[in-house]
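Colleague: Below are the chains, spelled out letter by letter.
2 protein chains.
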Amino acid sequence: MSLVVVGSVAYDGVETPHGTVDRMLGGAATYISLAASYFTDVKIVAVVGDDFADQDRQLLASRKIDLAGMETVKGGKTFFWKGVYSSDMNDRTTLQTDLNVFADFKPKLPEPYRAAPYLLLGNIQPALQRSVHGQMSGVKFTGGDTMNYWINDFRGELLQTLKTWDFLLINDGEARLLSGEQNLRRAAAKIHQMGPRTLVIKRGEYGAVLFHGGHHFMAPGYLLETVFDPTGAGDCFAGGFMGYLAGHGIRPKEGHMDMAELRRAVIYGSVMGSFCCEKFGVDRFRTLSHDEVEARYQEFKNCTAF
Amino acid sequence: MSLVVVGSVAYDGVETPHGTVDRMLGGAATYISLAASYFTDVKIVAVVGDDFADQDRQLLASRKIDLAGMETVKGGKTFFWKGVYSSDMNDRTTLQTDLNVFADFKPKLPEPYRAAPYLLLGNIQPALQRSVHGQMSGVKFTGGDTMNYWINDFRGELLQTLKTWDFLLINDGEARLLSGEQNLRRAAAKIHQMGPRTLVIKRGEYGAVLFHGGHHFMAPGYLLETVFDPTGAGDCFAGGFMGYLAGHGIRPKEGHMDMAELRRAVIYGSVMGSFCCEKFGVDRFRTLSHDEVEARYQEFKNCTAF
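Those protein sequences? They're chains A and B, same order as listed.
1 is the number of the first residue of the first sequence in my numbering; add one for each residue after it.
1 is the number of the first residue of the second sequence in my numbering; add one for each residue after it.
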């Protein structure tokens with residue numbers, strides 16, 4: 001079933017211990033959509049400038065991602081972000097952020113998007129997330145991501161937005177900040193009270209924890225032999241997770257409390273996040289096959305079962 | 001089958017966000033032995049002063065730990081360590097270290113210890129670890145722990161010691177320091193070349209990774225609702241891991257390459273480490289039952305299977 005993905009499409013400059021790339025395709029919506037496209041139909045909502053390259057548009061189109069909702073602003077420039085990673089790649093420092101056309105992003109959904117049953121709201125202003133949600137007519141499972149900036153400075157807006165979400169997918173630092181609880185189980189209990197019944201807390205290279213219906217599921221991080229560039233790994237996790245649920249028509253809020261399916265979705269999220277790190281930017285998705293995705297899922301099982 | 005455990009028995013002063021204890025039973029050999037005692041016969045080798053309290057001796061004896069190898073130095077004082085934990089309890093600062101009788105620790109094994117098939121060498125000087133190993137007559141599975149200090153300043157000694165070990169159980173920072181590799185899979189490959197065929201890398205609250213026979217196994221950390229005091233958790237992991245192997249007579253070096261048993265040993269290690277954190281010091285082991293251990297193992301399975 002169709003998944004609508006809203007968020008940034010960008011150009012990134014990235015420096016990791018393995019090299020430097022001055023300008024490459026990036027942005028949360030890009031990574032989410034590419035990862036989700038291995039599981040379901042994806043419709044992207046984003047904004048780019050007229051500097052957005054044909055070859056990048058073609059990459060998204062080659063994964064059958066619907067680009068009707070990707071607005072091009074004439075004379076505008078695409079969002080640009082530049083950052084450098086620490087030697088262990090667990091921290092990064094932002095060197096440059098040029099919002100460009102993203103500063104005035106007012107997402108407007110094309111008519112054929114509105115009946116999609118799944119909606120994944122990338123990390124944008126909470127009021128905009130709510131406005132997109134309001135444009136949907138038949139959505140069955142909605143949620144997304146947020147970040148420290150919105151949690152700290154737009155808390156009221158964010159809480160109003162979260163009330164209507166079925167799921168929230170954030171990292172451990174954000175979960176602690178949002179809940180005011182250091183312990184993740186207690187943080188999860190508080191976040192459930194804010195609205196989302198399904199919560200996934202990402203822990204970077206250490207994996208993720210899923211909380212749903214009074215249960216939790218702990219997934220370790222996949223151990224890569226080489227991490228080239230972790231940019232987008234968290235977004236690919238989100239794309240794999242939601243892509244799997246959408247592709248299989250799973251809607252935990254409708255009484256279909258299939259914890260087993262949610263667990264699989266978390267593992268597919270981890271799988272897609274792990275592939276993302278193997279090359280710079282989105283490069284791994286230029287060649288990644290469905291068979292490789294399935295093989296890594298099996299490998300994950302082999303490396304965690306006891 | 002019997003497991004000989006060598007290492008420190010100490011008194012600790014600990015401050016965590018949940019409270020302060022000025023003086024309580026501690027030390028690596030204490031935690032290892034208590035945890036291992038749930039699975040197998042344990043014989044401890046250690047040194048204490050005559051300030052060592054009867055009630056602490058009785059706690060160890062109540063778990064059927066053989067104390068024949070625990071030497072008491074008349075007029076001496078027991079090793080004392082004092083530290084304070086960070087607010088998230090992932091870091092700690094040492095405030096005081098009084099080696100006392102531990103400074104002159106020359107472990108000497110009682111005759112009935114020497115034929116034990118399992119030997120776990122806690123974190124002491126590598127030459128002392130080797131001397132203990134040399135006193136054993138029929139040992140089948142040997143290994144232990146080490147730390148940054150020995151890796152940096154006694155590297156030659158340590159490498160000579162590791163050559164004869166079947167397994168090594170260290171944390172991720174130590175594995176990186178020892179191997180010179182940032183990536184854990186590559187670190188493990190280098191450490192295997194130093195001797196130990198079985199390697200467990202502990203990652204604190206994030207779990208552990210086992211490397212053996214070209215395979216690896218990733219275990220997430222057990223998510224506790226409250227962590228009171230993480231002191232000794234890594235040692236309890238070691239005790240649970242080796243206790244399980246010894247209790248079931250599993251010796252991976254003799255061709256009995258049962259990765260499935262090693263995986264279970266890692267989970268029992270995680271289980272024992274998680275119990276350790278639930279109360280200050282060794283307090284949780286005063287009441288912990290075998291049924292609780294089994295129940296948590298099952299819970300671990302329920303929270304990780306997919």
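Bear in mind the hints are in silico, worked out from the structure with no lab data behind them.
Keep in mind it's a predicted model, so treat the numbers as computed, not measured.
Just to be clear, a hint being listed does not mean it is correct.
[Claimed, not checked] Selected chain A positions facing chain B (in silico; Cβ < 7 Å):
| id | residue |
| --- | --- |
| 1 | F80 |
| 2 | K82 |
| 3 | V84 |
| 4 | S86 |
| 5 | Y206 |
| 6 | G213 |
| 7 | P220 |
| 8 | L223 |
| 9 | R264 |
| 10 | I267 |
| 11 | C303 |
| 12 | F306 |
[Stated by the list, open to error] To be clear about the criterion: a stretch of chain B counts as covered by chain A if any three or more of its residues have a C-beta under 8 Å from a C-beta of chain A, and this derived list gives those stretches:
| id | stretch |
| --- | --- |
| 13 | 20–34 |
| 14 | 199–212 |
| 15 | 220–231 |
| 16 | 261–274 |
Ideal Cβ placement from N, Cα and C applies to all residues, glycine included.
Colleague: Hints first: check each against the structure and report whether it holds.
Modeller: Taking the hints in turn, this is what the structure says about them:
| no. | hint | in the structure |
| --- | --- | --- |
| 1 | F80 | 29 Å, violated |
| 2 | K82 | 23 Å, violated |
| 3 | V84 | 16 Å, violated |
| 4 | S86 | 11 Å, violated |
| 5 | Y206 | 4 Å, holds |
| 6 | G213 | 13 Å, violated |
| 7 | P220 | 4 Å, holds |
| 8 | L223 | 6 Å, holds |
| 9 | R264 | 6 Å, holds |
| 10 | I267 | 6 Å, holds |
| 11 | C303 | 5 Å, holds |
| 12 | F306 | 4 Å, holds |
| 13 | 20–34 | violated (count 0) |
| 14 | 199–212 | holds (count 4) |
| 15 | 220–231 | holds (count 8) |
| 16 | 261–274 | holds (count 4) |
Checked against the numbered hints given earlier, the structure breaks hints 1, 2, 3, 4, 6, 13 and satisfies all the rest.
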